[in-house]
Amino acid sequence: MQQQQQWAAMQQYQQQWMAMQQYPAMVMQQQMVYNQHYAPYYHHQQQQHQYQQQPQSQDNKTIWIGDLLPWMDEGYLQSCFSQAGEAVSVKIIRNRHTGQSERYGFVEFNSHSAAENVLQSYNGTMMPNAEQPFRLNWAAFSTGDRRPEAGSDSSIFVGDLATDVTDALLLDTFASRYPSVKGAKVVVDSSTGRSKGYGFVRFGDENEKSRALAEMNGELCSSRPMRISVATPKKPSPQQQYSSQAVILSGGFGSNVVVPLGQSENDSSNTTIFVGGLDSDVTDEELRESFITFGEVVSVKIPAGKGCGFVQFVNR
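Residue numbering for the sequence shown follows full-length UniProt numbering, starting at 1 and increasing by one per position.
One thing to keep in mind: the hints can contain errors.
[Unchecked claim] Below, simulated SDA-like cross-link-like pairs (lysine to any residue); rule was C-alpha separation at most 25 Å, straight line:
1. Lys196 <-> Ser222
2. Lys91 <-> Gly66
3. Lys301 <-> Thr272
4. Lys91 <-> Glu74
5. Lys91 <-> Gln120
6. Lys301 <-> Asp281
7. Lys91 <-> Gly193
[Unchecked claim] Computed beta-carbon distance windows for the label pairs:
8. Arg224 <-> Gly99: 33 to 41 Å
9. Ser222 <-> Met126: 20 to 28 Å
10. Ser111 <-> Arg194: 44 to 52 Å
11. Arg288 <-> Ser89: 46 to 54 Å
Bear in mind the hints are in silico, worked out from the structure with no lab data behind them. Quantities reported herein were computed from a predicted structural model and do not represent experimental measurements. Cβ atoms here follow ideal geometry from the backbone N, Cα and C, with glycine treated the same way.
Let's have the full structure, built from the sequences with the hints guiding it.
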């Protein structure tokens, strides 16, 4: 009875929430981690296509470099290209909060021809003192444009993935066509280690993300066509701002997870969270699977047609 009353009380808050984003975006703010090494066959299969796919004007003197290892810094990249011509500037993009490398960067040369020579000579060859090849492409911006900053990335949801799709394969599928791709993650079951059939791809450029949404839906990844959709929240309009009757919890789920104001976020007895912005086809089981990595789930409830749900844990 107490639990039913709790559900009833919390359902009153669902009207205050907009459909902020599709369901899979709830896990997007977790730090993505993907393999450092790619299957050699797949990397070289994509390499030539990657370089040719974006013709550039003579004004572009900047190349994008990806798949950097955590220890690689600006000095290391300067030394890598010292024989090919002067690198005017080297910038590794770092997380604005942690200062850690986002594993990609930009190298600007004194001329378009110098940058083109580096692309032709270095792309796919082995990096010094590292067991992985250079991954290079033209930068997605022209000279003088504002470079993407850490934290400016946005993501897409990729569904209907085949069971053999790995982080590396998903990353290569997109990075071969969109040079601003920063990472990819296939979501796996925490208990079995098996893929749940969906994942996420992060972009450093909003235009490329939009292109991918339009171009990659139905494209093959391994043996199955992918289902692509948005995985980032929309900004609320003024009338959709959050009500003072709810308080946002801090943590990996950002603004999608709240508790009623009547039960403080510091109340150890409160083990239920509210999840807003759910897609209409999300099931109780899918919602449960997205949260079981954080602790034992007692119950999950998605009120019909409300675009929200509730997840109750054993412990806070």
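Hints, one by one, checked against the model:
no.	hint	result
1	Lys196 <-> Ser222	holds, 15 Å
2	Lys91 <-> Gly66	holds, 12 Å
3	Lys301 <-> Thr272	holds, 11 Å
4	Lys91 <-> Glu74	holds, 6 Å
5	Lys91 <-> Gln120	holds, 21 Å
6	Lys301 <-> Asp281	holds, 14 Å
7	Lys91 <-> Gly193	violated, 36 Å
8	Arg224 <-> Gly99: 33 to 41 Å	holds, 38 Å
9	Ser222 <-> Met126: 20 to 28 Å	holds, 26 Å
10	Ser111 <-> Arg194: 44 to 52 Å	holds, 50 Å
11	Arg288 <-> Ser89: 46 to 54 Å	holds, 48 Å
The structure fails to meet hint 7 from the earlier list, while all remaining hints are met.
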